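Please assemble the complex out of the two chains, which come individually in their own frames, going by the hints.
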Amino acid sequence: MMKILKYSLLICLVVMFTKCSPDHNGSFGGTVDRTIQLIGTWKIESVFQIDLDAEKKSFPEFATKVDITNTVTNMPFSDFEMTLHNNTISTTLGMSPMAYVIEEGQGTWNWISNDELSLVNQELGINASSGITTSINGKEVQLFISTFSGITAPTPTLSLNYKRIDEVGNDVMRYEYILVKQ
Amino acid sequence: MKKLITSIFFLCSLMLLAQDPIVTGEPANYTVIDENVEIFFDVTNATDNGGNSLVGKDLFIWAFTDVGDAKTNNAWTNIKLSARLNKISDTLYSLKFPIIDDTETYNTLAELFGAEAAPGSITSIGYLLRDQAPTFQTGDLSIPFSPFKFNAAEVRTFPSSVTTIDVVTFRFNQNFSSLSNPALTGAQNISVHIEPSNSSVSAVDLETTYNGRYFQTGIIPARTFETLENAGTLREVKYYFFDTDNPSIKSAEGTIVLKKAGN
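These protein sequences, in sequence, are chains R and S. With my numbering applied, the first sequence has no gaps in its numbers, which climb one by one up to 182 at the end. With my numbering applied, the second sequence has no gaps in its numbers, which climb one by one up to 263 at the end.
Hints are computed from structural coordinates only; laboratory data are not their basis. These numbers come from a predicted model, not from an experiment. A portion of the hints provided could be inaccurate.
Unchecked claim - Short, incomplete list of chain R residues facing chain S, as computed with Cβ under 10 Å: (1) 46; (2) 50; (3) 56; (4) 57; (5) 75; (6) 101; (7) 121; (8) 162; (9) 163; (10) 167; (11) 169; (12) 171; (13) 175.
Claimed, not checked - Output of the computed footprint for chain R on chain S, the stretches with three or more beta carbons under 8 Å from beta carbons of chain R: (14) 155-164; (15) 218-226.
What the hints assert, rightly or not - So these bits of chain R aren't anywhere near chain S, every CB distance computed over 12 Å: (16) 39; (17) 43; (18) 81; (19) 85; (20) 90.
Backbone N, C-alpha and C define an ideal beta-carbon position, used for all residues, glycine too.
If we strip away everything but chain S, and leave its shape as in the complex, we get (with noise of 0.2 Å):
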């Protein structure tokens, strides 16, 4: 009776102790598309599926997404060389990008996994810790990442990416809960003010419509400017939206960025 009570006890004092790898990240915070990233994994009380310690032993990661595998899986019984974790000490591996694949080279976890034309398809990573043979493994578990967020902003354009050739929409966003002028809550009609970074005479007014979201309108930078696209010097503009009625209720400022088109 004596020796069952000890060996429970034992038993569940392992199963105390035992636990997944704690993983960590360098940056803290970070997302499948950011570049050299190092992921840790601390494995001073992981053990594998058999209860046995991770601790010092040469270790594989085999990585899994919703969208698909790493490229460094292979097949289970030849995983590649690339997978091997970088040990740094007994107890802290990392798995660090960019990571060298033969020919290969995988920037970011997107990349890892295929997925770099739709990084946002991947909601969530699983990996289990093994070594090459494998003769040993543990269970399935994940790596947490930081999603990707739409901010709100007070002001903002459409797209984030533009030319000077292109529609760039300008909107007022007047249910922002920090509205830099709480005075634009009760505007009925806005107008947004335009004008080249370097060229306050070619400044525009021009009136928006409300699309039941947004405040916006909007011009294509190069027709608008046009003296100074054919100059050549047409490559920033700030903007800021008013109370048409009151013109000296103002929004924030914003700025666009335009890039000179190549086709």
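Extracted from the complex, chain R is given alone in its bound form (with noise of 0.2 Å):
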């Protein structure tokens, strides 16, 4: 009987330490880190607009999202660059109409905070993981980031939202600006 209890209790021993050891000695991945990955200079590629109101009625995408990369003559949007370096930010804006949106020259940048970023998802009904606010000549633009799924694409892209407000802080419209790193 002796024997049958020894026997029981170096097993529960054997099987408790078994559970507690680590499956494995690696380390688990780091935190990846967003700043070192916008640090560069971007170039528009192709810009959206989106129909605030038809996005929300569910309308088709022709009535919703339009491309207007090459819309406006002699203004293409191509032109803007932007370099991102730790907290600072420079830009070019060529004939480009990104002069209604952000200014020319060189500045500061920093990250949005979170509460900030689940008021526009709610506003705007998207889903922004990040944005980034730059501030050049005085000037303050926020810039949502919808997805960094092609930050680690071998040509990395960035897509940047932009919302425009009414003078009576009345949401208008949405820009989408997809970006490529050079």
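Dropping the structure here:
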């Protein structure tokens, strides 16, 4: 009887320690540094305009989202370039309509807080995972990143969303800029 | 035998008489984003799951959609008082917007179901009527509503809402079934005439390109009509399309209101 008890206790101890041992000794993946991924020079490849009312009503795509990359004669969006460093930014506008969005020159940029992001996601019905605020010549601009999926591609791409509001603060429309890393 | 036939006849009569509540609305056709809607439930011949009449009872609505439940539902055994229907008479009840729910106010069906950011995602609304406890309930029923519908037009601008500093795309639909000027059907080249409502001297004519659906081109109003923008008087533009090779052949006219940008 004592033998049975002894063996049972031994088995229990072995099982307990086996259960508690780690599956492997390898390290877990480190946190992705999004700042490092953003650093570099980005140039606009294409631009889409989104009708917020049509989007809310689930209208067909042709009535909701329009490619305006080459819509305005002699004003190519592809003239726009921005270079991001750790927390500084510089922009070149050329003839791009981006002149109506962001200033040309040098300034700073910061990540947008999560609280602000959830509010914008709720208002715009998008699911931005992140966003940045740029400040150039005293003008602040918020750009929302809907996905980081293209940022690790061989030719990294970045999707930035910009919300236009009217003079009383109502949402008017959204632009989606697709930028390619140079 | 006679009793059995009488019972069957009686049951059949009950089944024929028993109906679901008749649902109507004011206005008659409403979407999920319309405000001040009132939805009526005529329970004259309606019964609960036990076959008992709903007439004169204190009725609550438990509502649900394919994107979420009504915020007034709460828990099945603890439904909110804001889910109580207005009793207009013993046979007529209503759900009237806005609905006050503690500190919240729901102005539309979309807000009631928490779908105000994407109301188009609501494709069906289900409900059942019950008492507060509940000691009785109806089966699952549905509330009809008008779906959003994109209406084709001969001329339009994109997007529907713009400021003076945004890109505005002017679109002509040559395949529109009721063209105001059928002579445009055969036009190979289409141009657009754009003119600020308060300054015909600033008008511009631009050629369009065909994208497989529309003849279209775009401008940034503040750029095209810079003088008016700088003077703060650029508020509205009128436009029409015409056959580039025969400018007297014109489309219907459109107008777009330009907002002042806040950022």
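Status of the hints after comparison with the structure:
For residue 46 of chain R, the interface hint is violated, the least distance from its beta-carbon to any beta-carbon of chain S being 13 Å, above 10 Å. Because the smallest distance between the Cβ of residue 50 of chain R and any Cβ of chain S comes to about 7 Å, under 10 Å, the interface hint for this residue holds. A cut of 10 Å between beta carbons decides the hint on residue 56 of chain R: the least distance to chain S is about 6 Å, and the hint holds. The beta carbon of residue 57 of chain R comes within 4 Å of a beta carbon in chain S, closer than 10 Å, and the hint placing it at the interface holds.
About 7 Å separates the beta-carbon of residue 75 of chain R from the nearest beta-carbon of chain S, less than 10 Å, and the hint is met. Here the hint on residue 101 of chain R is kept, as its CB sits about 8 Å from the closest CB of chain S, short of 10 Å. Checking residue 121 of chain R against chain S by beta carbon gives a least distance of about 8 Å; that is within 10 Å, so the hint holds. For residue 162 of chain R, the interface hint holds, the least distance from its beta-carbon to any beta-carbon of chain S being 9 Å, beneath 10 Å.
The restraint placing residue 163 of chain R at the interface with chain S holds, with a minimum CB-CB distance near 8 Å, inside the 10 Å limit. The interface hint given for residue 167 of chain R holds, since its Cβ lies 4 Å from the closest Cβ of chain S, which is under the 10 Å cut-off. This hint holds: residue 169 of chain R has a C-beta 6 Å from the nearest C-beta of chain S, less than the 10 Å allowed. Hint status for residue 171 of chain R: holds, given a least beta-carbon distance of 9 Å to chain S, under 10 Å.
Among the interface hints, the one on residue 175 of chain R holds; its C-beta lies about 8 Å from the nearest C-beta in chain S, closer than the 10 Å criterion. Given as covered by chain R, the stretch 155-164 of chain S passes the check, having 6 residues with a CB less than 8 Å from a CB of that chain where 3 are the minimum. Restraint check on the stretch 218-226 of chain S versus chain R: 5 residues with Cβ-Cβ distances below 8 Å, three needed, restraint holds. Distance to chain S confirms residue 39 of chain R as a non-interface residue, since its nearest Cβ pair spans about 26 Å, more than 12 Å.
The beta carbon of residue 43 of chain R is kept farther than 12 Å from every beta carbon of chain S, the shortest such distance being approximately 19 Å. Chain S leaves residue 81 of chain R outside its interface by the beta-carbon criterion, the shortest separation being 19 Å against a cut-off of 12 Å. Distance to chain S confirms residue 85 of chain R as a non-interface residue, since its nearest Cβ pair spans about 25 Å, more than 12 Å. No beta-carbon of chain S is positioned within 12 Å of the beta-carbon of residue 90 of chain R; the least distance is around 21 Å.
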